[in-house]
Structure formats: C-alpha cells, structure tokens
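Listed in order, the protein sequences are those of chains V and L.
Going by my numbering, the letters in the first sequence line up with residues 10 to 257, in that order.
Going by my numbering, the letters in the second sequence line up with residues 6 to 395, in that order.
Note that these hints are calculated values from the structure, not bench results.
The beta carbon of each residue, even a glycine, is placed where N, CA and C say it ideally should be.
Do not rely on the hints blindly, as some may be mistaken.
Said to hold, decoys possible - Reference excerpt, derived from the structure (chain L facing chain V, CB under 7 Å, subset only):
| # | residue |
| --- | --- |
| 1 | G301 |
| 2 | P359 |
| 3 | T366 |
As the list claims (entries may be wrong) - The following residues of chain V were derived to be distant from chain L, with all beta-carbon distances above 10 Å:
| # | residue |
| --- | --- |
| 4 | A33 |
| 5 | F96 |
| 6 | L99 |
| 7 | T109 |
| 8 | P121 |
| 9 | F125 |
| 10 | A132 |
| 11 | L136 |
| 12 | K151 |
| 13 | H156 |
| 14 | Y157 |
| 15 | G165 |
| 16 | M166 |
| 17 | P182 |
| 18 | M185 |
| 19 | G217 |
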Amino acid sequence: MSGKQVTSWLILAILTAAFIIFIANSHWVEASLRFLFPQEEAVVLPRASLLEFFWQHVQLVAVSSGITIMIGIPLGIWVTRTSGRDFLPLVTDLTSFGQTFPPVAVLALVVPVLGFGFQPTVAALVLYGLLPVVRNTITGLKAVPWHYLDAARGMGMSRLEALFAIEIPLAAPVIMAGIRISVIVNIGTATIGAIIGAGGLGSPIIAGLIQDNLAFIIEGAVPAAILAILVDQFLANIERLFAYPAQA
Amino acid sequence: MRQLLGRDNVALTGSVIGLASVLFGWLTLRPNRLAEGTPLSLWDGLGWGNAAVIVLLWLLCLVLSLSLKGKLKPILLGVTANMVLVVSLLMAGMAATGLLEVEPDSSRVSLGVGIWLTIAAAYIVIYASRQKLKELPLWQHLVSWTGLAILIALIFNGLLDSLSLMQELNGREARFLQELQQHVFLFGISVTIGSLIGIPLGIWANRSRRAERPVFFIANITQTIPSLALFGLIIAPLSALTMALPFLREIGIRGIGTAPALIALVVYSLLPIVRNTFVGLRQVDPAVIDAGAGMGMSRFQVFRRVKLPLAAPLVAEGVRIASVQAVGLTTVAALIGAGGLGFFVFQGLAQAAPDLIILGTLPIIALALIVDAVMRVIVRLVTPKGTGGQ
C-alpha cells in the first residue's frame, strides 16, 4: 500500500468513527436539530432512536448486498463457461434491459407478490442489485486476454485453476466496481424501502414528509447521505487495492 | 436423426418455466379490492378446456425447443409463445367477466403468480427465437411485437376490463393522464436543464485541469446521495428561503412540490452528462484536431466543426442515461408532492391495494423503455458517418 492509500484509509476511518459516535449520542442529535429547527415541536422521530434506524439500514444493505454478491458473481462466471454459454446473450441483455427499470418500480412490484416488510425489501434490493454485479463480472471475465489463458493451460493448469489463478484476479477490479455500484444503489433504494415497512433511515424522512416536519426529514436525510458517501469511499478504497499496477 | 435435432437451451428454459407456471394460482379472487384473495388454479380459474389449450401450447414450445433445426424452428417457437401470451390474458379477461357475474359486486379478480410467470416465460422463448432470426428482420419484428400489439388492441376493446388492474384505472383516467403529463414534464424539463448546465461543465472540465477535479468531485458526490435523502436535503433550505423571500412563494415556489423536485432531478442528471461530455471530447484523436488546425481553422472552428461532432454520440449517450434515470427518480418525486406517476404507486402502497401499485408501476417501466429506445435512435442520428458508431 502506498502512503497515499494509507492516508485515505485513515481519513475514512476517522470520519466513520466520528459519524457513528455522533449519531449514537441522541442528545447531540436532538440538540443540533433543535438548533436548526427551533419552531418544530418534536425534532426527532419518537418511534426509534437514530442509531436504531441507522442499524436497520445497514442490516438491509448488508444482507441484500451479501446475497447479491453470492448469487451474482457465480452467475456471471457460469455464463462465461462452456456449460452456460448458451445463456450469455440472454443474461447480458437482461442485465442491460433490467437497468432501464427504475429501482422504485422493482421495490413497488415486490409488494403485490411478497407483501410488506424487511424480507420483501431485501428481495427487491437483491433483484435490482444483481444487475451491475452480473454485468461487471461478465465484462471483467471477457476482457481477460485469451493468450493469458492459453499460457495458463500450457503450463498445465486445469480450467478451474486458471479461473481462480488468472481470470478472477484479472477481472477483480471490474467486479469490484460492479459491487460498488450495486451497494450504492441499494443504499438509495433501501431509503425508499421505509415506505414498504423496511425501516431504516428513510423512516424519519417519510414521517417528516407526511407530518410536515422538516426536522424529521433532516434527521433521516443527512445520515443517509453521509452513509452513502462513506460507503462509496470505502468501496473505492477497496477497488484501489485490487487494481493492478500498470503492466510494464 | 442427430442432424434433425437441435436443442435450444434458452427456449427450453422458457418452456419449462411456462409449464411450471401452470402449477401456480392463475387468478386471485378477492371479496373487495384490498382484501386477501383466494388463488384459483389454472383449471378452476379458466375452466378445463381453456387450461388444456394453454398446457398444450407450452408442451408444443417444449417439443419445438428440443427438436427441429433450421429457420422454421425459431419462427414456430416465436409464434407459439406469442399465442400463449395473447391466449392466456384473453382467457383470464373472459374468465374474470364470468366470475364477476356470479360473485358479489365488490369482488375483484386479479392476475395470479402463474400468469405473470407465463408472461415472463413467453418472453424468454420470444427472446430465444429473436436471437435466431437475426437474418430475417421481418420475422424478428413480427415475433417481437405481434403479441404485445394484440394485447394493446384487446385492452382498448375492453376485453380485459373485468380484471382488477383495469378496474383500478376506471374512474381515474383523467387523473392518470394528468399525472402522466406531469411525469413527462418533470423529467423532460430536468434533463433539458441538466444538459444546458452539464454539457458546458463537461467542456469546461475538459479545457481546464483546475476545473476537472472539483466538477467531478461534486457531480460524483451528488450522484451517490440516496434520491429520497437529496429531495429531503433540498426541501429544508428551500423552505427557509421561501420564508425569507415571500416573492418566491408568490411565483409558486414552495418547500415541497415541483420546485425541489426539479432541483434534485437536475442535480442528478449532471454526472452522466458531464462525464460523457468530458470523455467524448478527450477521446477525439489529436491527429484529427491537428489536421483541422492545419487546414487553417481557428480554435473555435476546430471545436465547433471537429471536436463537437466527434464527441456528439457520447454526449447523447450521457443524456440517454440521465433521461432513463430521471424517469425512475421522478417517481420518487411524488413523495414530496410533485405528482407524476409515482402518485399512484405510493397511493397503492399506502392503501395496500396491489392492483393500484401495478397500475402505477407498469406505465413507469413502459415510459423508461420508450425513453431509452427514443434516445438510442437519437444517439445513432448524431453519430457522424464514417466513425463506425457504437
């Protein structure tokens, strides 16, 4: 790791710690919202503390992104193998076609099928989050030059060994970029998930919009925005770890 | 024998899903529009005769996808899949009419999981046959669109009116058109403003190294923020501003509604447009610019007649991405009182009325697909001849 990378991890760690300490302290949260909105009667949504909303949000995103990665990467690998090659055009087209769908639409359509709550929201997040992960896995694997694979086979590697030793490491930066897009979209869609009863940082925003309370809106909106930016930077740092130094 | 058999894995998958869909509930009968429904199986819902037709069509697809070779196979597969699509919805519509005659007035008949699965399966088969019909464009178009066209004709002739989905639309037509208009207005205006700001920003970032970093930093950050949070973050300062400056309220700008929605949508559309303008200008071959300058063009002429036309396809591509994204984000704008088709989605979610949710969602998806298709045509139109396009 270069010195520059160490600094950026350090800054990120400090900012994340500061952010969590702040939202964990409900007095600070209430005092700062009170300062901004002296005219509102209540400035924090009484239903749950900000830390609880934050934790629900993190759970939603972590569970759905975890499932997405566990399904998406193997699926992307399978359609680039001989056994799944027939499905490559279908899967590639579905992933680009699916991205035309608005994430909110996927979230809404899950309700008639699976109902309200945490699990249906996770299902919607997984469904939409798969698109960038699968697409980038395919793109990354297909970009591996064929003569590298030829060389690996010539060295006596089996197909499976070549996959793990050559293809996946070379495709890793592109796959990571897909995961990053997927997770960020999930954080955003999970915010709207509050509408279908998933909880999370969207809850204070929705409550604020319904009750016409600006303080509630900010109570949810600012942490949601900061969470997204921090996670994005975190994943960008990981992406950099995978990046290969330019070939000599 | 081997020569005559050709397995089509994708069509086979579609056919298997189609056959499996028969086992799920095809129609859902509800005592009223909000109540939990009882699922009706294919044969209970549509009757044995109709059920047999659908099962037979799917079996035909299965056999076709395992057998035959040559041009006839994808044509037959595509035609059969289109028939499944039309026949199952038409039968569902008629079955619903029959059911409503015997059931109490408030009853609703919705489409069940099985029929949605059949629609998805039919599209997998249609997709598989499309792939094989690349050399026969006429058949390819026929296979892709005939079923959909017939379905739209059925809807306009009222043959599906007994389905709960259509009943949700009844009495809401005026509101529906109004919200559709508002939706198109919101995303159209915001992408237009986004282009008017984003393209110059992209050009500026390309010209000056000093501008590049801050422009992309801000554009990246704003794109990362969850849409609902960004809407929220704009509401508070805007409310404060309208409190402080009453004349803003007089011209109709308020903390919630169209104004914050437009601001957020414009901000969101910036990143794809700025990025693509920047990349589009940067990838112009320096040798071509040199040639232009060598011909005696001024810097402005080089920009206007060489760089801009060569960058145009990528710029248009950026506008396409921004537009498709804006159609979806405009849906969320309904939450802050800006209207649009999201109105029906969120009303449906609030009432837990499944068919109203679907009624709101389908046009949004259709709109996104149409915008995507139109913008792709525009991208192709602005691609200069001889550059090979994309």
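Interface-negative label, G217 of chain V against chain L, beta-carbon threshold 10 Å: Violated, since 7 Å does not exceed 10 Å.
T109 of chain V remote from chain L - nearest C-beta pair above 10 Å: 5 Å, violated
Consistency of the no-contact label for H156 of chain V, given chain L and a CB cut of 10 Å: 26 Å, holds
Status of the stated non-contact between A132 of chain V and chain L (beta carbon gap over 10 Å): Non-interface label on A132 of chain V holds, nearest chain L Cβ at 14 Å vs cutoff 10 Å.
Assertion that L99 of chain V lies farther than 10 Å from chain L (Cβ): Since the minimum Cβ distance to chain L is about 5 Å, L99 of chain V lies within 10 Å and the statement is violated.
Consistency of the no-contact label for P182 of chain V, given chain L and a CB cut of 10 Å: The claim holds: P182 of chain V sits with its nearest Cβ about 18 Å from chain L, beyond 10 Å.
Exclusion check [L136 of chain V not at the chain L interface, CB over 10 Å]: Label holds. Min Cβ-Cβ 13 Å, cutoff 10 Å.
Hint validity - G301 of chain L Cβ closer than 7 Å to any chain V Cβ: 39 Å, violated
Non-interface label on M166 of chain V, tested against every C-beta of chain L at 10 Å: 28 Å, holds
Nearest-CB test (10 Å) between chain L and G165 of chain V: 31 Å, holds
Nearest-CB test (10 Å) between chain L and A33 of chain V: 20 Å, holds
Minimum Cβ distance from K151 of chain V to chain L greater than 10 Å, as the annotation requires: Correct as stated: the minimum Cβ-Cβ distance to chain L is 17 Å, above 10 Å.
Hints 1, 5, 6, 7, 8, 9 and 19, counting from the list given before, are not met by this structure.
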